[in-house]
Amino acid sequence: MNFGIVVFPGSTCDRDAFHFIKDVLQESVTYLWYKDSLPKEIDCVILPGGFSYGDYLRPGAISAHVPIMEDVIKFANNGGYVIGICNGFQILVESGLLPGTLIQNKQLKFVSKSVYLRVETTDTPFTNQLNKKESICLPIAHGDGNYYISQDELKQLESNNQILFRYVDRNNEPTSNANPNGSIQNIAGISNLDKNVLGMMPHPERAGEKILGLEDGLKIFKSILKHWNEQGGDKFGSY
Amino acid sequence: MFRAQIKVNLKTGVLDPQGEAIKDSLHSMNFNEVNDVKVGKLITLSLEDNDREQLEKRVEQMCERLLTNPVIENYQYELVEVMSK
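Top to bottom, those sequences are chains Y and B. Going by our numbering, 274 is the number at position 100 of the first sequence; the sequence numbering is gapless. Going by our numbering, 380 is the number at position 60 of the second sequence; the sequence numbering is gapless.
Note that these hints are calculated values from the structure, not bench results. Since the model is a prediction, treat every value here as computed from it, not as a measurement. The beta carbon of each residue, even a glycine, is placed where N, CA and C say it ideally should be. Treat the hints with care, as some may be off.
[Said to hold, decoys possible] Listed next, the in silico DSBU-like pairs over lysine-lysine satisfying Cα-Cα at most 35 Å (straight line):
(1) Y:Lys287 - Y:Lys393
(2) Y:Lys209 - B:Lys358
(3) B:Lys358 - Y:Lys283
[What the hints assert, rightly or not] Here's a subset of chain B near chain Y, in silico, CB distances under 10 Å, partners left out:
(4) Ala341
(5) Leu346
(6) Ser348
(7) Met349
(8) Asn352
(9) Val359
(10) Gly360
(11) Met382
Make a model of the complete structure from these sequences and hints.
Here is the structure:
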């Protein structure tokens, strides 16, 4: 599979993602400059974490309108896989590929720690190698990760199984104590209606190696590889 | 009861990188009529005092001591009388 990592001014996790795809997952990966167009051979676009444009105006607001995002939106609407991690998630909501928004953490603090997540939906390209209600552990590091959406849209997310991950405690319950940012209903990651676009605040690319102490991030990317192979590999999601 | 609305803006001549980045983004979205962008802040205070004159002095002190950076920022404020709840 060919992964492409978009580098925005202020991306900080692009190298983590590159290392993860190239050295851990051992798949093909290239950096994509935000002013360029999206190459046709890319099968999965990663919008990495960071503070693109210094979070000016709102996190992700300016990045959502850079040249490559026009292509990424077309690519996503054609069924291509897009993963937005942390700032990438913020860019996805600002670009309209995902509903809702991410506001400042409820405690007004930047949080950097590992959290438990409950897998809520397994029938997606990103979670098919996980078990429903399985608890996984991934790191978070953000100041604006408080997911917010109107009640009507929240009901739609739920009924369409678009909520992929919720923050939970050690007993696998989405309690308010387990919620690191005040996110509505402990939501940590969602997909679009067609399930080919994933936005999540936790960092799976920082959790793929024993030496890091966390390996659950691998399962998300192995899910993508499996889905892609089942869909016919090269022939899938051409744009 | 009063409400103070304080507008904080960068002084003329101080570089506003956020404003520049927003201007470039608006231009790339074909809003080419935009000449300049300045980003400021609006701070709203609810004040439990009915003495307008005294409040004006207090709000100015708040602006100068905490709410603004007088090296780079200007402020304007408006005091509006509101009904107490």
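Supplied contact hint for serine 348 of chain B, tested at 10 Å Cβ to chain Y: holds (6 Å)
Holds or violated: the hint that alanine 341 of chain B contacts chain Y, with Cβ atoms closer than 10 Å. holds (5 Å)
Could you check if methionine 382 of chain B really has its C-beta closer than 10 Å to a C-beta on chain Y? violated (20 Å)
Under the criterion of a CB-CB separation shorter than 10 Å, is methionine 349 of chain B in contact with chain Y as hinted? With a closest approach of 5 Å, the methionine 349 of chain B hint holds.
The hint names glycine 360 of chain B as touching chain Y; please verify it with the least Cβ-Cβ distance against 10 Å. violated (12 Å)
For the pair supplied as a hint, lysine 209 of chain Y and lysine 358 of chain B, confirm whether the alpha-carbon distance does not exceed 35 Å. It holds: about 24 Å lies between the C-alpha atoms, which stays within 35 Å.
Taking 10 Å as the limit, does the beta-carbon of valine 359 of chain B come near enough to a beta-carbon in chain Y? holds (8 Å)
Residue hint leucine 346 of chain B, partner chain Y, criterion CB-CB below 10 Å: holds (9 Å)
If you draw a straight line from the CA of lysine 287 of chain Y to the CA of lysine 393 of chain Y, is it 35 Å or shorter? holds (20 Å)
Chain Y contact restraint for asparagine 352 of chain B - C-beta distance below 10 Å: violated (14 Å)
Check whether the Cα positions of lysine 358 of chain B and lysine 283 of chain Y lie no farther apart than 35 Å. Roughly 27 Å between the alpha carbons, so the hint for lysine 358 of chain B and lysine 283 of chain Y holds.
Comparing the model with each earlier hint shows violations of hints 8, 10 and 11; every other hint is respected.
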